[in-house]
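A.B. asks: From first to last, the protein sequence lines are chains A and B. For the first sequence, the numbering used here gives the first residue as 10, with consecutive numbering after it. For the second sequence, the numbering used here gives the first residue as 295, with consecutive numbering after it.
In case anyone wonders, no lab produced these hints; they're calculated from the structure. Hints are supplied without guarantee of correctness; some may be wrong.
Here are the simulated EDC-like pairs of lysine to aspartate or glutamate, each with C-alpha atoms no more than 20 Å apart in a straight line [stated by the list, open to error]:
no. : chain 1 : residue 1 : chain 2 : residue 2
1   : A       : K58       : B       : E346
2   : A       : K78       : A       : D94
3   : A       : K58       : A       : D94
4   : A       : K67       : B       : E393
5   : B       : K320      : B       : E369
6   : A       : K58       : A       : E75
Some, not all, of what chain B presents toward chain A, calculated at C-beta under 8 Å [as the list claims (entries may be wrong)]:
no. : residue
7   : L333
8   : G336
9   : G398
Predicted, not measured: the structure shown is a model, and the values here were computed from it. All C-beta atoms, glycine included, are put in the ideal place defined by N, C-alpha and C.
Below, each chain spelled out in residue letters.
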Amino acid sequence: AQSVTQLGSHVSVSEGALVLLRCNYSSSVPPYLFWYVQYPNQGLQLLLKYTSAATLVKGINGFEAEFKKSETSFHLTKPSAHMSDAAEYFCAVSDAAGNKLTFGGGTRVLVKP
Amino acid sequence: DAGVTQSPTHLIKTRGQQVTLRCSPKSGHDTVSWYQQALGQGPQFIFQYYEEEERQRGNFPDRFSGHQFPNYSSELNVNALLLGDSALYLCASMRGRQETQYFGPGTRLLVL
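Kindly generate the complete structure, drawing on both the sequences and the hints.
C.D. replies: Structure representation (C-alpha cells):
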C-alpha cells in the first residue's frame, strides 16, 4: 500500500520568503509523485509531477520539487512567496500512470504581508 | 476548451436519502475518477471508470456506486446517506492511462 505524509498542516511565511512544504512517501514500486494546489472553494490544480525523468521538477507559478529516493521525499519549494500563494497544497503518489492517487493530509499556507 | 465540469455545485440531503452527482470530463478524456474530500483532509479515491466499466475501486462501501456513459460522462450515486458522507466530491478525468488527472471544482454535499 502507498501512503503520503505531509509534515506540518499549517505553514506561515512572509511575502518574499522561501516556501518549503515537506512530503514523504511510501511505495513498493517506483512512484509517480504529484503536487496539487487547492484554492478556497475550488478543485485541485496540478502544480508539478515527477514520473521517473529528471529528479528536479519545475512546475507552474515558480514552484519546483526534488525527488530524493534515498529519503523517500518530494519536497516542494518556491524561492519567494507571493500573497497569491495562500492556499492548501497536497502531495500525492501513484504506483502507475493513470492509477489512483493517494493524497497526504494537506498543508495550508498563509502568506503574511 | 472546457475543463472538467461537475453538477450540482452544492447539495443538502438528509440521512437515509440517496444522491446522484454528475461529472463531464475534459474534452478528449475517456477516464473518470471520483474522490471524496472530507473537511480538513486530503481527497480519498472512491473509484475509476474507463470504457463504461469500473477499473479500480478504493475502500468505500457498496453504498457508493457509479456509472459511465458512452459519452464518457459519469455519475456517482450514494445510497442511505450518513452524516459522515458530508464532504466535497471531486471528479477527475484523463485520457486512457495518462499520468495526469485533471480535477473539476467539486460538489459539496451536506447531510443533515
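A.B. asks: Let me make sure I understand: some of the numbered hints might not hold for this structure. Which ones are they, in numerical order?
C.D. replies: 1, 2, 7
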